[in-house]
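Those protein sequence lines, which keep their order, are chains V and B.
Residue numbers 34 to 251, in this note's numbering, belong to the letters of the first sequence in order.
Residue numbers 4 to 269, in this note's numbering, belong to the letters of the second sequence in order.
Among these hints, one or two may not hold up.
[As the list claims (entries may be wrong)] Under 10 Å between C-beta atoms, here's a sample of chain B residues computed to sit facing chain V:
{"#": "1", "residue": "R87"}
{"#": "2", "residue": "G108"}
{"#": "3", "residue": "V110"}
{"#": "4", "residue": "N115"}
{"#": "5", "residue": "A174"}
{"#": "6", "residue": "I243"}
[Said to hold, decoys possible] Simulated DEER-style distance windows between Cβ atoms:
{"#": "7", "chain 1": "B", "residue 1": "D75", "chain 2": "V", "residue 2": "I118", "range": "52 to 60 Å"}
{"#": "8", "chain 1": "V", "residue 1": "R80", "chain 2": "B", "residue 2": "G80", "range": "29 to 37 Å"}
{"#": "9", "chain 1": "V", "residue 1": "E93", "chain 2": "B", "residue 2": "R215", "range": "51 to 59 Å"}
{"#": "10", "chain 1": "B", "residue 1": "R229", "chain 2": "V", "residue 2": "A90", "range": "20 to 28 Å"}
{"#": "11", "chain 1": "B", "residue 1": "D95", "chain 2": "V", "residue 2": "F94", "range": "32 to 40 Å"}
{"#": "12", "chain 1": "V", "residue 1": "A90", "chain 2": "B", "residue 2": "R262", "range": "39 to 47 Å"}
{"#": "13", "chain 1": "V", "residue 1": "L113", "chain 2": "B", "residue 2": "F29", "range": "50 to 58 Å"}
{"#": "14", "chain 1": "B", "residue 1": "G53", "chain 2": "V", "residue 2": "A142", "range": "58 to 66 Å"}
Everything labelled a hint here was simulated from the structure, so no lab data went into it.
Every residue, glycine too, gets a C-beta built ideally from N, C-alpha and C.
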Amino acid sequence: MMFQLDYAAELLPILLKASLITIEATLGGMAVALVLGLVLALLRRSRHAVIHTPASALVEFVRSTPLLIQIFFIYYVLPLYGVRIPTLACGIIALGLHYATYTAEVYRAGIEAVPHGQWEAGRALSLPIYRIWRHIILPQALPPVVPALGNYLIAMFKETPLLAVIGVHELLGTALREASQTYRYYEPLTLVGLIFLAFSLVTALVLRRVEVRLAGRS
Amino acid sequence: MPAAPETAHHTPPLNALRLSGIGKSFGGATILSGFSLDVPEGQRLALIGGSGSGKTTVLRLIAGLERPDAGDIELFGRRLPYRRFAGRLIPDDPPEMRELRRPIGMVFQHFNLFLHLTALENVTEAPIHVLGQPPAEARREALALLDSVGLADLADRYPRQLSGGQQQRVAIVRALALRPRVLLFDEVTASLDPEKVAEVLAVMRTLATDERVTMIIVTHEMGFAREVADRVVFMQRGVIVEDAPAIDFFTAPRDPRSRAFLNLAS
Ligand SMILES: Nc1ncnc2c1ncn2[C@@H]1O[C@H](COP(=O)(O)OP(=O)(O)O)[C@@H](O)[C@H]1O
Ligand SMILES: [Mg+2]
């Protein structure tokens, strides 16, 4: 069976359009993961057990269950409690929540790498605690972990096809639908692979530039 | 040099600092127990003793970097609001705690400059965000202070672009920018190259002429302590062994352990 270029050419615009959904899900999921992960990392550092215990429990729970189940859960179970969310948003929340438990670890490593003396100097100067966090600790903790966060961005991007199970018409789901009409899988799947490859390479390149910029600054 | 303000003779001199019955242990090891120390306002106190005797712990308790397990700390006659909870002392009113401690400045052995900020930004951080000074004014004052320690030209450098002696001078200026009434120095020359020690001591010598600021100096530089301090407190294993006017301590130490320490240090 030969690879048919004209079929591929016909599919390409459809798949590129679907890849916009994939990008949307990735960027949305990453935004959630970056914010929620930081919140979780900060909560887990709290001295109060009532704060750090639930945060740690959530992290452990989410990490020990498959992303696929979390996607189904958010899509099917939340509406039973009256929470109605659009399908894509469900996917974004599921991806974001799942990856937040990983970014939380990355943030933790970054925060712990800031020398203890930075805290002590801030406290000895009577700086308010939020000021120490925001302007002393985080600006030193974050730049070194950008590469690690970036790797999770790429990893999350590659997991977006899972969202097809709840009917998000992302890249792979769209390709499979097309294929089911023509019974030709060679062209759609090859294109999907190439599009993923292209985006991953571009992302890696952008991340590299960001890293260089950050390294040059400090 | 401004003259010391005349105090009416019937008012007892205010204690800048009063530690009473302080207990502190780390993981079961008791470092301080029933530790008490009064420091009158304006005094230059040299706190000396061998390594591990608890000098740093005393300074950190005063600065609020450690919590006492027991006892009271008073600053300028006001008791710090600690409250007993589950067998430990916890800050009762964090904003008040911060406010009461604001007049205390601390300079560390390892400088602890903010590494992502320039020298100038290190100095202006607290005046702007603790005192609420307008940024332009804070910068002007910070530059004047940096100039007074010979660092005006290096204001825009980052800590890693400065020598140890320069970093420590910036750290002193950073503490001064909050207009402290008590300055704590924890072996501030101990991690400097020998040839940089003098430049930091020179800055501290100038500071010591300002009678309004109380100074507690932990140091191994006995010559400097002798020259600058009014009073010496010599500690061993968390206990004050000798507490004497500096002249007496250095010329005629009473306790044999003080004598042994001075012989070793000289
Ligand atoms: N955070 C800490 N955890 C455990 N032990 C500590 C801690 N800080 C100080 N110590 C111990 O307390 C003792 C006194 O230390 P320190 O106050 O640093 O003495 P000095 O400054 O006189 O050398 C030492 O035995 C030290 O090991
Ligand atoms: Mg020490």
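These are the hints, each one checked on the structure:
Of the supplied interface hints, the one on B:R87 is violated, with its beta-carbon coming no nearer than about 17 Å to a beta-carbon of chain V, more than 10 Å. The interface hint given for B:G108 holds, since its Cβ lies 7 Å from the closest Cβ of chain V, which is under the 10 Å cut-off. Residue-level restraint check for B:V110 holds (minimum Cβ-Cβ distance to chain V is 9 Å; threshold 10 Å). Hint on B:N115 holds. Least Cβ distance to chain V is approximately 4 Å, under the 10 Å limit.
Look at B:A174: its Cβ gets to within about 8 Å of chain V, closer than 10 Å, so that hint holds up. For the restraint placing B:I243 at the interface with chain V, the shortest Cβ-Cβ distance is roughly 24 Å, beyond the 10 Å limit, so the hint is violated. The given range of 52 to 60 Å is respected by B:D75 and V:I118, whose C-beta atoms sit roughly 55 Å from each other. Range check, V:R80 to B:G80: Cβ separation about 30 Å, and the 29 to 37 Å hint holds.
Distance hint check: the CB atoms of V:E93 and B:R215 are about 55 Å apart, consistent with the given range 51 to 59 Å. Range check, B:R229 to V:A90: about 59 Å between beta-carbon atoms, so the 20 to 28 Å window is missed. About 36 Å separates the C-beta atoms of B:D95 and V:F94, a value consistent with the hinted range of 32 to 40 Å. Look at V:A90 against B:R262: about 60 Å separates their beta carbons, and that is not inside 39 to 47 Å.
A beta carbon spacing of about 52 Å between V:L113 and B:F29 agrees with the range 50 to 58 Å that was offered as a hint. Distance hint check for B:G53 and V:A142: the Cβ-Cβ separation is about 37 Å, which falls outside the suggested range of 58 to 66 Å.
Checked against the numbered hints given earlier, the structure breaks hints 1, 6, 10, 12, 14 and satisfies all the rest.
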